[in-house]
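Engineer: Sequence:
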Amino acid sequence: MFAKCFDPTGARHGLPTYPWRCAPDGLATKRQLRARGLRPGGQSIAAQIMRPRYRRGPLVAYLYHVDRAKPVRPMTPGKWAALAKANRARRTCPACRQDAGYVIPTSLGMCVPCAYPEEQRAA
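This note's numbering puts the first residue of the sequence shown at 1, with every later residue one more than the last.
None of these hints come from the bench; they were simulated from the model.
Take these hints with a grain of salt, some might be off.
Cross-link-like lysine-lysine pairs, in silico, BS3-like; alpha carbons within 27 Å at most [to be verified]:
id : residue 1 : residue 2
1  : 79        : 30
2  : 70        : 30
3  : 4         : 30
Input sequences plus hints: build the corresponding full structure.
Structural biologist: Take a look at the structure:
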């Protein structure tokens, strides 16, 4: 399994490929960059890591150069306002138009008291 995922020259997969958790220093995934307060910043994919699975295709994560990464852009007041508006819309019940205080489950499509009114009367 290890040999299938080890291709540092990129001859087999087209990109330098390393086994899961064996990436060289100086490369990171998008999540790892984000944890450091960085973003890829338009750079192309430098390498990939693969984790083979038995009954499905392998899991693949792309790697980027840490030294070429740029800092994450700060949130502007307009972005904060748009995010607050979107979250408020997710909490508003379409049936009773009340703020439920939690994100409305998509499986119900409305707040719990509107979805199960007979159970609310019994309680």
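Engineer: Please go over all the hints and tell whether each is borne out by the structure.
Structural biologist: Comparing the hints with the structure gives:
Restraint check for residue 79 and residue 30: the C-alpha separation of about 21 Å stays at or below 27 Å, so the hint holds. Between the alpha carbons of residue 70 and residue 30 the distance comes to roughly 12 Å, so the proposed pair stays at or under 27 Å and holds. Distance check on the hinted pair: residue 4 and residue 30 sit about 24 Å apart at the alpha-carbon level, within 27 Å; holds.
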